[in-house]
Amino acid sequence: MTVTTLTRQDVVDFLYTEAKILDEWRLMEWPALFTDDGTYTVPPLGDPEADPTKSLFISHDNRARLQERAERLLKKEAHVEYPHSTTVHNYNNILVSNLDSDVITVECNFTIHRTKREVMDTFIGKHTYELVLQNGELKIKSKKVVLHLDSLRPHGKISLIL
Amino acid sequence: MDQFIRDNVEKSEFLVNRSVFTDREMLARERAEIFNKCWLFIGHDTEIAELGDYKRKKVGGRNLLFVRSQDGEIRALFNTCPHRGALIARENEGNSRVFRCFYHAWSFKNDGELVGMPGKDGFPEDFNAEGTKNMKAVKRVENYRGFVFVNFDEDAISLDEYLGNAKEYIDLVVDQSEYGLEAQGGVQEYSVRANWKLLAENSVDLYHGMPTHKTYFDIKQAQDPELKNVKLEGEGVELDNGHAVIEYIAPWGRPVAQWTPIWDDELKQDMERMKVKLADRYGEERADRIANYNRNIVIFPNLVINDIMAVTARTFYPTSPGYMEVSGYSLAPKGEEETHRMARNDNFLEFLGPGGFATPDDNEALELCQEAYNNNEEVEWNDISKGMVRGAGNAMATDEVQMRNFWRQYNARIQESLNKEKEVAQR
Numbered sequence: 001m002t003v004t005t006l007t008r009q010d011v012v013d014f015l016y017t018e019a020k021i022l023d024e025w026r027l028m029e030w031p032a033l034f035t036d037d038g039t040y041t042v043p044p045l046g047d048p049e050a051d052p053t054k055s056l057f058i059s060h061d062n063r064a065r066l067q068e069r070a071e072r073l074l075k076k077e078a079h080v081e082y083p084h085s086t087t088v089h090n091y092n093n094i095l096v097s098n099l100d101s102d103v104i105t106v107e108c109n110f111t112i113h114r115t116k117r118e119v120m121d122t123f124i125g126k127h128t129y130e131l132v133l134q135n136g137e138l139k140i141k142s143k144k145v146v147l148h149l150d151s152l153r154p155h156g157k158i159s160l161i162l
Numbered sequence: 001m002d003q004f005i006r007d008n009v010e011k012s013e014f015l016v017n018r019s020v021f022t023d024r025e026m027l028a029r030e031r032a033e034i035f036n037k038c039w040l041f042i043g044h045d046t047e048i049a050e051l052g053d054y055k056r057k058k059v060g061g062r063n064l065l066f067v068r069s070q071d072g073e074i075r076a077l078f079n080t081c082p083h084r085g086a087l088i089a090r091e092n093e094g095n096s097r098v099f100r101c102f103y104h105a106w107s108f109k110n111d112g113e114l115v116g117m118p119g120k121d122g123f124p125e126d127f128n129a130e131g132t133k134n135m136k137a138v139k140r141v142e143n144y145r146g147f148v149f150v151n152f153d154e155d156a157i158s159l160d161e162y163l164g165n166a167k168e169y170i171d172l173v174v175d176q177s178e179y180g181l182e183a184q185g186g187v188q189e190y191s192v193r194a195n196w197k198l199l200a201e202n203s204v205d206l207y208h209g210m211p212t213h214k215t216y217f218d219i220k221q222a223q224d225p226e227l228k229n230v231k232l233e234g235e236g237v238e239l240d241n242g243h244a245v246i247e248y249i250a251p252w253g254r255p256v257a258q259w260t261p262i263w264d265d266e267l268k269q270d271m272e273r274m275k276v277k278l279a280d281r282y283g284e285e286r287a288d289r290i291a292n293y294n295r296n297i298v299i300f301p302n303l304v305i306n307d308i309m310a311v312t313a314r315t316f317y318p319t320s321p322g323y324m325e326v327s328g329y330s331l332a333p334k335g336e337e338e339t340h341r342m343a344r345n346d347n348f349l350e351f352l353g354p355g356g357f358a359t360p361d362d363n364e365a366l367e368l369c370q371e372a373y374n375n376n377e378e379v380e381w382n383d384i385s386k387g388m389v390r391g392a393g394n395a396m397a398t399d400e401v402q403m404r405n406f407w408r409q410y411n412a413r414i415q416e417s418l419n420k421e422k423e424v425a426q427r
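Same order as they appear, the protein sequences are chains V and Y.
Using the UniProt record's numbering, read the first sequence as starting at 1 and increasing by one per residue.
Using the UniProt record's numbering, read the second sequence as starting at 1 and increasing by one per residue.
For reference, chain V alone in the conformation it holds in the complex:
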């Protein structure tokens, strides 16, 4: 398998590419980074291991939903993001594990700034990715976003893809 040739730098470049796609509002390229059974979840604040049958998540998307999320945000009627906000996704402290196994685990801290109407909100937290190789390309099997915020105040919403 080509897995053995994959380097840490390939994984880091993949993450930075995702960040760039999101910041440049090329949102239709974002779902394409996921496997068909890919998931995107944002657990409740302060409870990263919450059970989705007992707790309300902020996002709990399967592949179809994350596609809808991206499509919606590109519409003019996604009022909260029209005109588009400006975002900066920074990924730091990237730790890559299991580089030579079928599922690569990546953890990184993130800082995401969003500005619109002269107001800036900052989201901080940790991403955990499970990545797999499909036809020689890295794909996201799961992306979990743990926000390190006490509450969504003053942000009030998560209208962008973290």
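A portion of the hints provided could be inaccurate.
[Said to hold, decoys possible] Here are the computed lysine-lysine pairs in the BS3-like style, where the Cα-Cα straight-line distance is at most 30 Å: (1) Y:55 with V:126; (2) V:126 with V:75; (3) Y:334 with V:54; (4) V:76 with Y:231; (5) V:54 with Y:55; (6) V:116 with Y:58; (7) Y:228 with V:75; (8) Y:268 with V:54; (9) V:76 with Y:386; (10) V:75 with Y:231; (11) Y:334 with V:144; (12) V:76 with Y:228; (13) V:54 with V:144; (14) V:116 with V:20; (15) Y:11 with Y:386; (16) V:126 with Y:58; (17) V:75 with Y:214; (18) V:144 with Y:214; (19) V:116 with Y:214; (20) V:54 with Y:58; (21) V:75 with Y:386; (22) V:144 with Y:55; (23) V:54 with Y:167; (24) Y:109 with Y:58; (25) Y:277 with Y:334.
What the hints contain is simulated information worked out from the structure, not anything from laboratory work.
Given chain V, put chain Y in place with the hints provided.
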């Protein structure tokens, strides 16, 4: 400004002066006349199911501890040490028989009684004989079918009387379940950079549904082309004491007990079985109402219960005229099957909450209102007359009668205090 509402039934015009959304003096008056006197939602009793369970809550601008004490009683203790005032409980939730203030190590039973203090010999023998050094509790705490409210006015009418005919609608929400509702974990704490009354209005405003939430309806219609044929038909109703409701046909799946084609067939059978059970319990008509109708309920001043594609309860409080703190709960039948719960939570997240496909757009709409109130000097009045021409009792759910009812109650309370001040000034 003492005429901030213009209620002209003859002309079918109802206006609200925009200063009420921006004026600091008005906020102070709201705190005194509304938040200090009305019943305010603190939480659901299932949040503190076990003896000793507690949660920190901010209600009506106070720091409270919502606790089920060892005697089984639900209390709302002021989270402040009687000694020097420090916040006693610092964790957001937990289970404890004792609360201990770290500053001077005074400790209190979870009913608030002072039980320990270092250096007792420095105080008189009978220190706290009158209980004045116990943690103080909110005197009025009352529960209606799991919804617990507090009132800072000791002379307030009972919660039961206050809710009045709004209880009928709360019952329709709670009766979805044989065993009652429970609050799920993950209470959503967010904010809106807008005046709190705009959220009360928006929560029973079906008129904004289509234009504001078109992207959501696009998604639903792609999932189920039949949806186009369902109109958002129903009625708007004025209830007692400023409460109001819109009740309308649900154009989407309801986990009790209306199936939608995006769910699998197994769920269809389950929903049908559930509907039969509801009919056995309550008769066909009520079962139909519970399963196939949506309800958005405003309990004056700041509780909204939306029984829509899932059940959400929201409460909110202003920290300034242009900023409110919101707490959003998801309520679900106790003992709900896991597959149903997942369908419910999927439904919830697709529309509701700070990461949903609709709530952020509501948030944006309210913030745009607030931002544009910079024009208040020249552009003074909001119009909420829609449906007034139809006459009392004929309002559609997409009309604005429910908002007018909120504002009439608001006006009555604020005017009463203004009149009292005038009387005093004239004396």
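How the hints compare with the structure:
no., hint, in the structure
1, Y:55 with V:126, "holds (26 Å)"
2, V:126 with V:75, "holds (28 Å)"
3, Y:334 with V:54, "holds (11 Å)"
4, V:76 with Y:231, "holds (24 Å)"
5, V:54 with Y:55, "holds (17 Å)"
6, V:116 with Y:58, "holds (29 Å)"
7, Y:228 with V:75, "holds (20 Å)"
8, Y:268 with V:54, "holds (22 Å)"
9, V:76 with Y:386, "holds (27 Å)"
10, V:75 with Y:231, "holds (24 Å)"
11, Y:334 with V:144, "holds (28 Å)"
12, V:76 with Y:228, "holds (21 Å)"
13, V:54 with V:144, "holds (18 Å)"
14, V:116 with V:20, "holds (18 Å)"
15, Y:11 with Y:386, "holds (12 Å)"
16, V:126 with Y:58, "holds (28 Å)"
17, V:75 with Y:214, "holds (10 Å)"
18, V:144 with Y:214, "holds (28 Å)"
19, V:116 with Y:214, "holds (22 Å)"
20, V:54 with Y:58, "holds (23 Å)"
21, V:75 with Y:386, "holds (29 Å)"
22, V:144 with Y:55, "holds (27 Å)"
23, V:54 with Y:167, "holds (27 Å)"
24, Y:109 with Y:58, "holds (21 Å)"
25, Y:277 with Y:334, "holds (16 Å)"
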